[in-house]
Each structure stands twice: as structure tokens, then as C-alpha cells.
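*Asks:* In numbering that gives the first Met the number 0, the protein residues as written are 0 to 486.
Among the clues, some could well be false.
Stated by the list, open to error - Beta-carbon label-pair distances, calculated as ranges:
1) Glu64 to Ser200: 47 to 55 Å
2) Pro288 to Lys249: 35 to 43 Å
3) Ser465 to Gly130: 51 to 59 Å
4) Lys443 to Pro288: 44 to 52 Å
5) Arg20 to Asn129: 42 to 50 Å
6) Arg220 to Ser465: 44 to 52 Å
7) Lys351 to Asp409: 16 to 24 Å
8) Arg20 to Asp68: 35 to 43 Å
9) Leu198 to Ser446: 20 to 28 Å
10) Met466 to Lys102: 33 to 41 Å
11) Ser200 to Met466: 32 to 40 Å
12) Ser465 to Pro244: 45 to 53 Å
Just so you know, these hints were derived from the structure itself, not from any lab.
C-beta atoms are modelled at their ideal positions from N, C-alpha and C, and glycine is treated no differently.
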Amino acid sequence: MIQKELHDECGVFGILDTEGRRDDAARLTYLGLFALQHRGQDSAGIAINTNGTLFCHKDNGLVVEAFNDMTINMLRGSAAIGHVRYPTQGGLGIECAQPMLIKYRGGQLALAHNGSLTNAFEMRARLEENGAIFQTGSDSEAMLALLARNRILTERMEDAIFMMMAEIQGAYSLVLMTRNKIIGVRDPLGIRPLCLGRLGSSYILASETCAIESIGGEIIRDIDPGEVVTITAAGVSSEFLTRDPDARKKSALCLFEFVYIARPDSTIDGASVYEARYEAGRTLAREQPCDADMVIGAPDSGIVASMGYAFESGIPYGSGLLKNRYVGRTFIQPTQMQRELAVTMKFSALKKSIGGKRLIMVDDSIVRGTTTRHIISMLKEAGAKEVHMRIASPPVLYSCFYGVDTPSQDELSACNMTLDEIREMIGADSLGYISLEGLTSSVKGLSCGLCCTCFDGAYPGGMPSSMVGKIRRIEFNSGRSVADSTR
């Protein structure tokens with residue numbers, strides 16, 4: 000996506016050496032976070048277990064900015080958890096960076112969270128009524144307070160987690176660490192991904208398989224929806240909030256993981272991200288054909304879909320945009336002004352390649368569309384005769400409350416404009432979207448269900464009470480978006 004106006008909030012990583020011989024868990028976590036950098040660029044952190052005592056280092060910025068060799072060398076231990084963050088709740092300050100580490104009556108506990116709770120406000124209010132004090136607006140801090148309260152009442156941390164899971168709603172993939180274990184938790188709907196891997200005598204938890212493979216590990220499996228996986232010196236054990244043989248069928252993995260969020264070399268719940276994007280491009284070419292001279296992709300997330308489009312259409316694939324690798328992903332810039340400045344700095348058009356040609360540019364999505372307009376203008380100024388936009392996801396019509404930072408419906412272009420009005424606004428010669436059915440059918444081999452909320456407004460995990468009745472039901476048919484009711 001060029002305009003990068005949606006973004007997933009975080010990536011998590013955890014590792015524990017069952018033999019306790021390795022003391023480089025922090026360095027391996029550091030490398031794993033590099034592979035997850037695309038999931039968040041606001042801050043990065045690592046919590047380390049050094050002989051039963053937990054320490055944490057975190058800072059604002061990229062992984063490479065938050066850590067250096069001296070810092071990593073100081074973090075010695077056989078178990079660690081890490082986090083990269085994009086803020087969806089709690090603000091931009093270092094106090095909201097993760098992992099969050101607390102000391103309570105039961106000992107120390109560190110938590111790294113990917114997702115967003117829909118009942119965080121109510122949960123915090125109940126905790127505050129009982130004397131809890133919060134330093135941030137983060138739902139992750141509220142989960143720590145719940146766990147600390149529950150752990151005092153239970154025999155095991157796992158039981159405290161199950162008590163918490165019965166109280167919270169929304170999306171969460173968690174990696175936690177105590178003095179003798181790390182624990183992975185995935186919400187009952189499986190909205191956010193989490194997987195398990197191995198590197199020698201060490202077991203690994205990560206948001207994506209690419210992080211495990213990047214440090215030389217092997218993939219074992221995905222964590223199931225509603226599953227709690229514990230890693231100790233004795234190995235790996237697994238428990239569930241409730242035993243439901245149909246849990247995977249009822250689950251709702253975020254479809255946008257395959258559209259934009261995840262790295263192409265990751266596999267999530269049995270489905271290859273690369274293959275899903277390539278197949279979406281092929282489907283898009285069948286559903287939205289166009290006569291043109293060359294197909295180009297919007298770097299980086301539109302590239303794979305554009306290759307699929309070119310293959311299916313028979314139109315040559317080429318390069319039309321160059322990307323400056325030293326500018327951060329524009330999608331994750333917190334403000335629109337920063338996003339637009341980043342676009343100008345980040346992309347340049349290849350005049351020799353596109354001059355005088357009719358282009359099809361494939362991107363993964365359009366949200367507001369304002370920065371897409373800048374790119375199309377850039378291509379035409381560089382000599383492109385025509386620019387036809389093809390989008391490898393349906394129109395985004397609904398805000399997400401499960402961890403993807405989406406604008407309100409008032410800001411979503413497809414909620415307020417017709418197809419032709421969007422086309423005119425971005426300056427394209429034509430505009431076409433893939434259908435929702437076409438997109439979901441492109442995700443091959445998936446072992447679970449999908450959450451399509453940002454496209455269909457289904458909200459499988461509920462929504463914040465403050466938003467009930469305020470979400471407009473939108474239809475985007477025959478080129479028109481029509482608001483017909485509220486939810």
C-alpha cells in the first residue's frame with residue numbers, strides 16, 4: 000500500500016533454552032524483531048531472564064535505534080521476550096513501549112501484546128474501582144493488572160491467564176515471561192497470528208514464521224485459537240480455555256494479514272502470504288481487466304499482486320517506481336502530514352521505463368486515498384500516458400477495533416464517495432477493486448476462518464461500547480457507496 004493509512008500495531012517474539020546453556024536469548028530476540036520490524040516502527044523492547052530475575056530495555060524508534068551491541072551484550076540470559084510497536088492504544092511515549100514489566104506480590108511478570116481489546120475501557124474502570132493505578136492508557140497495562148490480581152488467587156500463572164481470558168474481549172496474541180517460563184496466548188477467535196518454532200534446545204514464539212526462520216529456526220506449528228502454550232526447562236505444554244473441536248472453523252484470522260500486514264515469506268495458519276497475494280493479483284486481473292502496456296506494483300506490498308496480475312493478463316510486468324529503503328514505511332507514520340512527506344521522500348518514478356506507456360498500477364488497498372493521488376501524479380509527471388489503478392482488496396468500509404489502526408468512517412473514502420469519485424480524486428484513468436469473495440478464495444490452504452470486518456462490518460469480536468450504534472452500515476455496489484443504517 001503506497002498510502003499506508005492502515006497499520007497493524009505490533010509484533011511479538013519469545014525464546015527459551017530448555018537446557019539453560021545459552022545466554023544469548025536477547026541477541027536472538029533482537030534478530031527476530033528485525034524480521035518483525037514491518038509490524039511496528041514506533042518502539043522496540045526486550046525483556047531478559049537472567050538467573051531468575053527479569054530485566055527490560057526498550058526505547059522509541061526502530062530495532063536498530065533502540066539497541067546497540069553494548070546494550071545487547073548487557074542483556075544475558077537463556078530466556079527473553081521482545082516487541083515492536085505501532086500505537087493503537089495508549090499513545091506514543093516510551094512508557095507505552097513493550098514488553099511491559101511489573102513486580103507484584105507473586106514475583107515479576109513481563110508481557111508483550113499484539114492486538115487490541117474491545118472492552119478495555121470497562122475493564123480498566125473495574126480495576127480502578129478496586130484500587131488499581133495505571134500509568135498509561137494501554138490495554139496491555141490493564142491486562143498485567145488483571146494477571147497480577149488473578150495470580151494471587153490461583154495456583155499457576157496459566158490459571159490466572161484463563162481467568163483473564165474469560166474477562167477480556169477483542170484480539171490478542173501475547174507472549175509472557177516469568178522467572179521460569181515463557182507463555183504464548185492466542186485469543187479464542189485467533190484474530191492475530193502466533194506460531195511456535197524451535198532452534199536446537201530452544202523453543203520460540205513469534206507473530207510470524209519469518210521471524211523464526213530468520214534466526215535459523217524450524218517451524219513447528221501455529222498456536223491454535225484459545226490456546227495457552229507454556230515453555231519451561233521441561234519442554235512445551237498446551238492448554239485451552241475451552242475444548243471446542245470446531246474452534247478453528249469458528250475462528251477469525253485477520254484477512255488484512257494476507258493483504259498487507261504480514262511479510263510475504265511468512266505462512267499463517269497453513270496459508271502462504273506470498274501465494275495469497277499472487278493469487279489475489281490473478282483474480283483481480285480476471286475480475287478487473289484493463290488494456291495497457293505494462294503492469295507495475297506499488298512497493299512493497301503491491302509487488303506480488305502485480306506479478307500475479309501481469310501473469311494472468313499477459314501484460315508485461317515492469318518497474319515504474321523506485322523505493323528509498325532508508326525511509327520508514329509510510330503506512331506507519333502517525334499523522335497524515337508525516338505520511339505524505341514520507342511518500343515524497345520514499346518513491347521516485349522511473350521515467351525511462353514508464354514514459355509514454357499506459358500503466359496498470361496494482362496496490363493492496365485504498366483507505367483515504369490522499370497519498371495515492373501523489374503517486375499517480377508523480378507517474379504522470381514522469382511521462383506515463385495513463386495510470387489505471389487496480390486494488391487487490393475490496394473497499395475498506397469499516398473501522399477495525401482489533402489492532403489495525405484504521406480511520407473513522409468519516410475519513411474512509413469508500414464510505415463517502417462513489418467509485419468514480421474516488422477515481423477522480425486520486426487522478427486515475429480507471430479504478431477497480433477485487434471482490435471480497437475473490438480475495439478470500441485467493442488464500443489457499445487456510446486452516447481457520449477469516450475476519451473480514453474492515454470490508455463487511457461483521458465484527459466477530461464485538462466492538463467498544465462507545466461505538467455501538469455509531470457504525471454506519473455501508474453498501475458499495477454498482478460504483479456507489481450508500482449508508483443505509485447504523486450498527
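*Asks:* Evaluate each hint against the coordinates.
*Replies:* Verification of the supplied hints:
1. Glu64 to Ser200: 47 to 55 Å: violated (32 Å)
2. Pro288 to Lys249: 35 to 43 Å: Given range 35 to 43 Å: holds, Cβ gap about 37 Å.
3. Ser465 to Gly130: 51 to 59 Å: This hint is violated: roughly 24 Å between Cβ atoms.
4. Lys443 to Pro288: 44 to 52 Å: violated (22 Å)
5. Arg20 to Asn129: 42 to 50 Å: Given a distance of about 43 Å, which is inside 42 to 50 Å, the answer is holds.
6. Arg220 to Ser465: 44 to 52 Å: Between Arg220 and Ser465, where Cβ atoms are some 37 Å apart, the hint is violated.
7. Lys351 to Asp409: 16 to 24 Å: At 42 Å between Cβs, range violated.
8. Arg20 to Asp68: 35 to 43 Å: violated (22 Å)
9. Leu198 to Ser446: 20 to 28 Å: Holds: the Cβ-Cβ distance is about 24 Å, inside 20 to 28 Å.
10. Met466 to Lys102: 33 to 41 Å: holds (35 Å)
11. Ser200 to Met466: 32 to 40 Å: Distance hint for Ser200, Met466 is violated at roughly 47 Å.
12. Ser465 to Pro244: 45 to 53 Å: violated (36 Å)
In this structure, the earlier hints numbered 1, 3, 4, 6, 7, 8, 11, 12 are contradicted, and the remaining ones agree with it.
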